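Visitor: What follows is each chain in one-letter form.
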Amino acid sequence: GENVEQHPSTLSVQEGDSAVIKCTYSDSASNYFPWYKQELGKGPQLIIDIRSNVGEKKDQRIAVTLNKTAKHFSLHITETQPEDSAVYFCAAPPGGAGSYQLTFGKGTKLSVIP
Amino acid sequence: KAGVTQTPRYLIKTRGQQVTLSCSPISGHRSVSWYQQTPGQGLQFLFEYFSETQRNKGNFPGRFSGRQFSNSRSEMNVSTLELGDSALYLCASSPTAVGGEAFFGQGTRLTVV
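From first to last, the protein sequence lines are chains A and B.
Position one of the first sequence corresponds to residue 1200 (our numbering), numbered consecutively onward.
Position one of the second sequence corresponds to residue 4 (our numbering), numbered consecutively onward.
Since the hints were made in silico from the structure, they are not lab data.
Being a predicted model, the structure only gives us computed values, none of them experimental.
Backbone N, C-alpha and C fix where the C-beta goes; we use that ideal spot for every residue, glycine too.
Any given hint might turn out to be false.
Unchecked claim - Here are a few chain B residues that sit away from chain A, every Cβ distance over 10 Å (derived from the structure): (1) Ile-15; (2) Lys-16; (3) Arg-18; (4) Gly-110.
Said to hold, decoys possible - Facing chain A, according to a computed beta carbon distance under 8 Å, are these residues of chain B, among others: (5) Gly-45; (6) Leu-46; (7) Glu-51; (8) Phe-63; (9) Ser-89; (10) Leu-93; (11) Ala-95; (12) Gly-103; (13) Glu-104; (14) Ala-105; (15) Phe-107; (16) Gln-109.
Use the sequences and the hints to build the structure in full.
Guide: Here it is in structure tokens:
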């Protein structure tokens, strides 16, 4: 099955700085890589995703990069704001699962210090 | 458009009891998946339904079961509750038959005492 590892587990940055979270996956057939943000008391919120035929995707201050050869993908948040403080999860489906079975990383708790 | 709705939000049960959790997906979404979230194990896949059929099941004991109705609403059931079943149970819905965006509800916080 798929194994997803996520680093770091905690990350503190000053407001305005950039934050980078990295994930590696094991199944070379995986083809979809979402990132979720979870705030206290809420369910995970999909913030950006990337498919295997694309190397990078940006949405305002958030970007995701994918290196299929190395089997890793990263979340980049620029100009961080206090409201970015949350737990972030990466995920990947087992290759060929043909369904919505996601394997999640253990999460990164991001703290943005005003 | 309304999001994924899970009921109840909070639940306290006693060991040995059973519990049923409900999930209403986003209108038009036909795939519903369930996850268990705990501090120790993180987010773990339970099972996924599409058009009333279970397509995949995670590595959980048979005490965990689910079903999906013709209107895509889903329920999951846990029988003979154990203390270790205390967790946040999350439901996610997706619009298509195969891999893509999954949108989560707020979850049901189950506490077993």
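Visitor: Would you check whether B/Phe-107 satisfies its interface hint, that is, whether its CB is within less than 8 Å of any CB in chain A?
Guide: holds (4 Å)
Visitor: Was the hint right that B/Leu-93 lines chain A, CB cutoff 8 Å?
Guide: With a closest approach of 5 Å, the B/Leu-93 hint holds.
Visitor: Does the closest beta carbon of chain A sit nearer than 8 Å to the beta carbon of B/Ala-105?
Guide: holds (5 Å)
Visitor: Taking the minimum C-beta separation from B/Lys-16 to chain A, is that value above 10 Å?
Guide: Holds, because the least Cβ-Cβ distance between B/Lys-16 and chain A comes to about 20 Å, which exceeds 10 Å.
Visitor: Run the C-beta distances from B/Arg-18 to all of chain A and say if the shortest one exceeds 10 Å.
Guide: It holds; B/Arg-18 is separated from chain A by about 25 Å at its closest Cβ, greater than 10 Å.
Visitor: A closest beta-carbon separation below 8 Å is what the hint needs, so does B/Leu-46 meet it against chain A?
Guide: The hint holds - B/Leu-46 has a Cβ within 8 Å of chain A, the shortest such distance being about 4 Å.
Visitor: The hint names B/Glu-51 as touching chain A; please verify it with the least Cβ-Cβ distance against 8 Å.
Guide: holds (5 Å)
Visitor: For the hint on B/Gln-109, just tell me whether its beta-carbon gets within less than 8 Å of chain A.
Guide: holds (5 Å)
Visitor: Is the shortest C-beta separation between B/Ser-89 and chain A less than 8 Å?
Guide: Violated, about 16 Å.
Visitor: Close enough to count: is the Cβ of B/Ala-95 nearer than 8 Å to one in chain A?
Guide: Holds: closest Cβ of chain A sits about 7 Å from B/Ala-95, inside 8 Å.
Visitor: Going by Cβ atoms only, is B/Gly-45 closer than 8 Å to chain A?
Guide: holds (5 Å)
Visitor: Does the CB of B/Phe-63 sit less than 8 Å away from some CB of chain A?
Guide: Status violated, d = 13 Å.
In the structure shown, a violation is registered for the earlier hints numbered 4, 8 and 9, in ascending order.
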